[in-house]
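S.K.: Based on the provided sequences and hints, a complete structural model is requested.
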Amino acid sequence: MVIGRRLFVDIMSNTVWFLTSNSGKLAEASVHFAELGMEVKCLEVPDGTIVEPQATDLEAVARAKIQQALDHLPHDNAMLLVEDAGLFVSALDGFPGVYSSYAYDTIGNQGVIRLLEHLQSEDPVRAKRLRAASFKAVSVLWKNGEVLIGRGECQGSIAPQIQGAEGFGFDPIFIPYDLDEDGQSLDPENLGSLSTHGRTFGEVGVEVKHRFSHRKRALDDLLNEWQNQRSHDGP
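Numbering (the working numbering), first residue to last: 226 to 460.
If you're looking for bench data, these hints aren't it; they were derived computationally from the structure.
Take these hints with a grain of salt, some might be off.
As the list claims (entries may be wrong) - The calculated label-pair distances, taken between Cβ atoms and stated as ranges, are:
1) Glu342 x Lys266: 36 to 46 Å
2) Val270 x Ser346: 40 to 50 Å
3) Asp407 x Ile332: 29 to 39 Å
4) Val372 x Glu342: 39 to 49 Å
5) Ala259 x Ser346: 22 to 32 Å
What the hints assert, rightly or not - Below 30 Å or equal to it, Euclidean Cα-Cα: the simulated DSBU-like pairs (lysine-lysine) are:
6) Lys266 x Lys290
7) Lys353 x Lys290
8) Lys250 x Lys290
9) Lys368 x Lys250
10) Lys266 x Lys250
11) Lys368 x Lys266
12) Lys250 x Lys353
Just so it is clear, CB atoms sit at the ideal spot from N, CA and C, and this is done for glycine as well.
M.R.: Below, the structure is given as structure tokens:
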């Protein structure tokens, strides 16, 4: 029994438990952590266990969810991953931001478009600047009482109308700025090596969206933090 328990802990210590019900997020995180020889599994908790925190930034929301989920980990050495993301519209002082999920459920894509309907210009570059927005994400990993944080952002603008039916949430109204060869967002007047050519995330395939993804960038940043820590601490 002791040997079996130790084997179980050794196996589970290479597992990251992801607090999510989104299979797409789980698959994406699995690809990233596989680079470190880690397996990602979904942490299932009873309905109503996680209460959406009232906070002003994504990191605070993610940290609060971490604390609520800790008691549901399978063992003391388990690692926990939480991700939070939102749409931040410059002309609305960052709204909906941390309230993106609530805003989507209440006013939806059409509601955001209505809030910006006075911001129009025949100059396409000026129109993009007037309607500037960004998707932001944080990925927070809890392990042995320590917290590592990764951050990601995708800059762009809000379309004048709903375009496309792919993706989810605010994807059909968000047009990302072009990316340069290093995958960095360019200013709206510049053309890059990767572009959706004016199409929203709701009009492009998953593979294209993934290359712009704020969630991917947050996971990349998180894994860089982890690898840097490993290098500093040694094997």
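S.K.: All hints, please: hold or fail.
M.R.: Consistency of the hints with the structure:
no. : hint                        : verdict
1   : Glu342 x Lys266: 36 to 46 Å : holds (44 Å)
2   : Val270 x Ser346: 40 to 50 Å : holds (47 Å)
3   : Asp407 x Ile332: 29 to 39 Å : holds (36 Å)
4   : Val372 x Glu342: 39 to 49 Å : holds (41 Å)
5   : Ala259 x Ser346: 22 to 32 Å : violated (45 Å)
6   : Lys266 x Lys290             : holds (17 Å)
7   : Lys353 x Lys290             : violated (34 Å)
8   : Lys250 x Lys290             : holds (16 Å)
9   : Lys368 x Lys250             : holds (20 Å)
10  : Lys266 x Lys250             : holds (11 Å)
11  : Lys368 x Lys266             : holds (15 Å)
12  : Lys250 x Lys353             : holds (29 Å)
In terms of the numbered hints stated before, the structure departs from hints 5 and 7, listed from lowest to highest.
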